[in-house]
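S.K.: Each protein sequence line maps, in turn, to chains A and B. Heads up, the first sequence is in numbering that gives the first Met the number 0, so the first residue is 0 and it goes up one at a time. Heads up, the second sequence is in numbering that gives the first Met the number 0, so the first residue is 0 and it goes up one at a time.
The set of hints was computed from the structure by calculation and includes no laboratory data. You may find that some hints are simply not true.
Stated by the list, open to error - Calculated cross-link-like contacts (lysine to aspartate or glutamate; reagent style EDC-like; alpha-carbon spacing at most 16 Å):
| id | chain 1 | residue 1 | chain 2 | residue 2 |
| --- | --- | --- | --- | --- |
| 1 | B | K95 | A | D380 |
| 2 | B | K17 | B | D5 |
| 3 | A | K31 | A | D122 |
| 4 | A | K367 | B | E73 |
| 5 | B | K93 | A | E399 |
| 6 | B | K62 | B | E22 |
| 7 | B | K93 | A | E369 |
| 8 | B | K93 | A | E371 |
| 9 | B | K93 | A | D380 |
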Amino acid sequence: MSSDGHERASLNSSQEDRVPAPDIKEFIRGVKRWTPCPLASLPNDVAERSIQVGIKPNEDDRSGTYFQIDDVPVFHGIKRAFENRVEMTSVRQALQRHEWLKDYFWRLVDSGADEFTELAYRDWDDGYFVRILEGQKLTFPLQACLFVSTDRFNQNVHNVIVAEPGSDAQIITGCTIHPSVSRGLHVGITEIYVKRGARLTFTMVHGWAPGFDARPRTAVLLEEGATFVSNYICLSPVRSLQMYPVAYCAGEGARARFNSILYVKDRSYVDVGARVVLDGKGSRGEIVSRVVATEAAQAYLRGLLVGRREECKGHIECMGLLLSDRASIHAIPRLDAEARGVELTHEAAIGKIAREQVEYLMTRGLSKEEAEALLVRGFMDVSILGLPATLYEDIRRIVESVSRAH
Amino acid sequence: MLRIEDLTVEVAGRTVIKDLTLEVPKGETHVLFGPNGSGKSTLIKTIVGFSDYRVVKGRIYFKDRDITDMPINERIRLGIGVAFQNPPALRGVKLKDLVSGFLGRAGDELASLTRALNISNEFLERDLNVNFSGGEVKRSEILQLLAQRPEFVLIDEPDSGVDVENLERIGKVLNSYLSGSTGLLITHTGHILRYLNATKGHVIIHGTIACSGNPLRILTQILHEGYGWCEKCLLMGMRELH
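This is chain A alone, in the form it adopts within the complex (with noise of 0.2 Å):
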């Protein structure tokens, strides 16, 4: 084929299609290596790498815990002071206490959108259920680490929470695995429901690994008034990593924000996205992406707004750095505007490091390779993810050590 028509047949295939699939059928399942334990007891380099994605297994400055270690829930619990505030345990358990949660599960996700989430409806490891309880404002972040500890294995947890009206938290999720994993597969289904005038910050810190595979699949419910603003974040190398969450706005003046900052590297298969479906009056969203991507990874970055009430109105900022010539980055942004006076906007911005800002940079000293690395830092700019103070040092502290490391 000449490289034009080759051109053209890769203009025309569908991205998806190009996504590497994760072959189900090579993961194993059913360990049960572990058993409940203090969260003191958890082993060093289990520790050690959960700290790596946010979590703080001192539990400072943290409400609450939730630890899953492959198929096992090995330890969750509030603290004394936020007791009667907030609920946080297995989904499992959580189903077995509320006869109500059954209406909550599998409400948002549809099990049979594809196959991932068919392989979780059928094949369930649990997951974590938090429900801030009305009225509640919780001063620290409740902390969920789903961590992979066996080679080849297949995690697929589901997790459900629920903001009660007028309540206010921050929820921060690590997913990551143990160094000796380099193979697998983690699906995560997440139903999220923002009840009236309630606020919830969702932070998720994905570390994974060149072999390993991630579909997460989350889904978001706004109440009347109710904000939600989901920060994502992943660093390291994947073999695959594709989502696409959902945020559907349907109480008036509804506001809903993804931010992703992602560093795509090695032969890395990204394809991040986020939707927001804007039904109730007056409703917001707002999707913002930087994604930086070098050696020679692939980067997709999608934005869908969905303007379906008068006086809606959103925007997505897509902003790509590319370091290196076998790297790619696409940006897909779109806007759907189906009632008059609603308001959509995009913009999406791709380039490389400019010489012009180095040299500056080098002219107060530094060398090259530190003024490229602060630009890359300046570039995934952890300001633009709202974070409270205690989590903002967390994920600055992140990602600082990989630009560093750049």
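Please arrange chain B on chain A, whose structure you already have, making use of the hints.
M.R.: Positioned in the frame of chain A, the structure of chain B alone reads:
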């Protein structure tokens, strides 16, 4: 301290500096005058070592070392510091990252500099040069320059686009620093000379030095006659004005 010999510089294939020779001895402050496009900023960027500014002839010596082909950060390490007229905007890089992180200035010293330049903590947290006003760019550049404690300062138009109040502030700070240092300042209007004592002035026309001499006398001539007078001098081969 800085010696430029017979320098010719090309930018994007066009000759901007031609056969330029200039020397700034230790302890002196020299001022470079010249109309727009005469090569003033090009000279500064060439001395610093920007890669778009190609030296096709001549040499640059600093403290008797040939720095013509030296990487930028090595020239800085030798003791050169620079404040630019139009620095690039760096999103996500805070002014504080540079002055307290890389330049490693101790808190007290930084505090007295920021006070003298009227730089607030909020300003230190802003993205560098992103939506900075003219005066903010100058103050940020001078802060970074002085935090480096250079032996030799290059300053590109500290007096352009700055209101009187800021100009006075910048002038005083520079004058007190330059009294113990060496430097080369560019000025188009000469306003900065109201606040600091310069040793010698040079007029650059068409990329070469048209005349040198007492900086205030040169400025007075330029204010009266414009740079057209310098063009004539250049044609007549006059090089010194005392």
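S.K.: Determine which of the earlier numbered hints do not hold for this structure and return their numbers in increasing order.
M.R.: none
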